[in-house]
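One line per chain: the protein sequences are A and B, in this order. All residue numbers for the first sequence refer to this note's numbering, where the first residue is 1 and numbers rise by one. All residue numbers for the second sequence refer to this note's numbering, where the first residue is 302 and numbers rise by one.
The set of hints was computed from the structure by calculation and includes no laboratory data. Please note that a few of the clues may not be correct.
To be verified - Straight-line C-alpha distance at most 30 Å; calculated DSS-like pairs for lysine-lysine:
| hint | chain 1 | residue 1 | chain 2 | residue 2 |
| --- | --- | --- | --- | --- |
| 1 | B | Lys505 | B | Lys456 |
| 2 | A | Lys274 | A | Lys204 |
| 3 | B | Lys588 | A | Lys296 |
| 4 | A | Lys164 | A | Lys139 |
| 5 | A | Lys85 | B | Lys492 |
| 6 | A | Lys85 | B | Lys588 |
| 7 | A | Lys191 | B | Lys588 |
| 8 | A | Lys191 | B | Lys386 |
| 9 | B | Lys597 | A | Lys258 |
| 10 | A | Lys198 | A | Lys164 |
| 11 | B | Lys560 | A | Lys259 |
Said to hold, decoys possible - If you want a taste of the chain B side facing chain A, the calculated C-beta under 8 Å gives, among others:
| hint | residue |
| --- | --- |
| 12 | Asp390 |
| 13 | Glu507 |
| 14 | Pro522 |
| 15 | Lys559 |
Idealized CB from N, CA, C, for every residue including glycine.
2 protein chains.
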Amino acid sequence: MSLLVVGSLALDTIETPFGKANEALGGSAVYISVAASYFTAPIRLVGIVGGDFPQSAIDFLNDRSIDLEGLERIPEGKTFRWSGKYHYDLNVRDTLFTQLNVFEKFDPKIPDSYRRSKYVVLGNIDPVLQRRVLEQIEKPRLVIGDTMNFWIEGKRNELMETLKFLNVLIINDSEARLLAHEPNLIRAAKKIIGFGPKILIIKKGEHGALLVTDNIIFSAPAYPMENIYDPTGAGDTFAGGFIGWLAKSDDVSDENLKKAVIYGSAMASFCVEKFSIEGLKDLTYLKIQDRFRAFKDLSDF
Amino acid sequence: MSLLVVGSLALDTIETPFGKANEALGGSAVYISVAASYFTAPIRLVGIVGGDFPQSAIDFLNDRSIDLEGLERIPEGKTFRWSGKYHYDLNVRDTLFTQLNVFEKFDPKIPDSYRRSKYVVLGNIDPVLQRRVLEQIEKPRLVIGDTMNFWIEGKRNELMETLKFLNVLIINDSEARLLAHEPNLIRAAKKIIGFGPKILIIKKGEHGALLVTDNIIFSAPAYPMENIYDPTGAGDTFAGGFIGWLAKSDDVSDENLKKAVIYGSAMASFCVEKFSIEGLKDLTYLKIQDRFRAFKDLSDF
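Whole structure, please, built from the sequences with the hints as guidance.
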């Protein structure tokens, strides 16, 4: 089934205790699209880059059969850049710099050929822009949104309005607590479902993920990782695997949502095994199925 | 199968955002024994109390068929007291006071009738005392030990010696990282297994628990709790449910260890629903089975 992905494309400079990546391909739209491309087609990307965006990155996205008609290029502008440094405890990171560049003026325009996309993922961008995307789409089957502390604290009212139009919200545990003003995660989840999205996924990093709907609570384990090289993009990769599986199976039942959470977790586990998007480059459907089964072994009793 | 429990008996004064308990029955040996008493018999308790230990507490332990021959009473002494205050976020607590009283001179003496206990739980006491207990036991089938930051930091060498005699170590995630000097939990777990105990359980509070052996890693979910009234004793109750199930089934295979982790988690979820040991007072085997099944629903996909 058709999948529309809107978000950032970035050049990331990342330092972890295990190494360094310089101006590597990144950004939410990239991680989401690439992860989803192992499951479904067509994938339609909407984003913005500068004249300095490398041809090798374009080639890679083309190779993954990602439709770039919606990719806006500003020849005289510079691509969004982010730099972060992870500590020995990889749960802690410092942002070294954020250069929004062309991304500052991003105003997503959805090409005509994208307007009937059945599945939509709104990466972590201004909630006003997320809504503007939805105004340009005709009756999608499922809309998934991501957000972050920056918008929860800085544009709360706009975000609350956007939440009404989402079917699925994917956030992490600290964001859920902040959004609901509630330290208990289960109460926070139920409160957030009351805000609009009937399906909530709370990512808990090394502790796995929770799926909460009106009918079920599902607890997905985290894949036991001894070597996490670079956590960048894990959350977006989760979203890509999750929506990729849903779009492929075209089934949004509670039981299939659970499977989608496991596929999302599996893709995220591949992502963090290498730097940047390297861990998502040479996967096969067989490798992904093996990891899916490893999650079953991990939690079955 | 016979189960020996060594640990503290205490009078706890607890404040949480939901209420207060004054000099309520507590202590590791109490929570472990009471939780295990829903699964197996006989349960043999070794601990120490003062002349002020209430008769109602003795009656309650007798009602749960817990053998108190090993309970030392010092008529002129006072019972161990602990007081803690939990914050709005129940993961954070302040110790208001600790009065060791008779517990300061605790030197566990194992009655002759206890020496052939098949299963042994060493609550969180000085690792030197834990070893002294084991010297008085004849060939137990399984020895489980608990410890804490205080001993990991303060008596590391003694603890490392004790670890060699444990089959199972139950600790929480921050203790595991501290013990192994390793932030990655999976690597920490493997390192700790190298220290002696071939079975390691890492409790992660609201994120569930990990079981790690030479052969498997098992991730148990946490029961989704909207109302946690008092987290005191949850860890000991987990240990009691865990060992209770193992002693009942007399099977320490990896598959049965997984079930034991779920029974431990189930008992802990009952514990925190009420103050002190109230949540463990009126359980039935049917209620426990229902909660076990709820854990299955929670993690099955």
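Going down the list of hints, with the structure as the test:
no., hint, in the structure
1, B:Lys505 / B:Lys456, "holds, 24 Å"
2, A:Lys274 / A:Lys204, "holds, 20 Å"
3, B:Lys588 / A:Lys296, "holds, 27 Å"
4, A:Lys164 / A:Lys139, "holds, 15 Å"
5, A:Lys85 / B:Lys492, "holds, 27 Å"
6, A:Lys85 / B:Lys588, "violated, 49 Å"
7, A:Lys191 / B:Lys588, "holds, 28 Å"
8, A:Lys191 / B:Lys386, "holds, 27 Å"
9, B:Lys597 / A:Lys258, "holds, 13 Å"
10, A:Lys198 / A:Lys164, "holds, 10 Å"
11, B:Lys560 / A:Lys259, "holds, 23 Å"
12, Asp390, "holds, 4 Å"
13, Glu507, "holds, 6 Å"
14, Pro522, "holds, 3 Å"
15, Lys559, "holds, 4 Å"
Of the hints listed earlier, the one the structure fails to meet is number 6.
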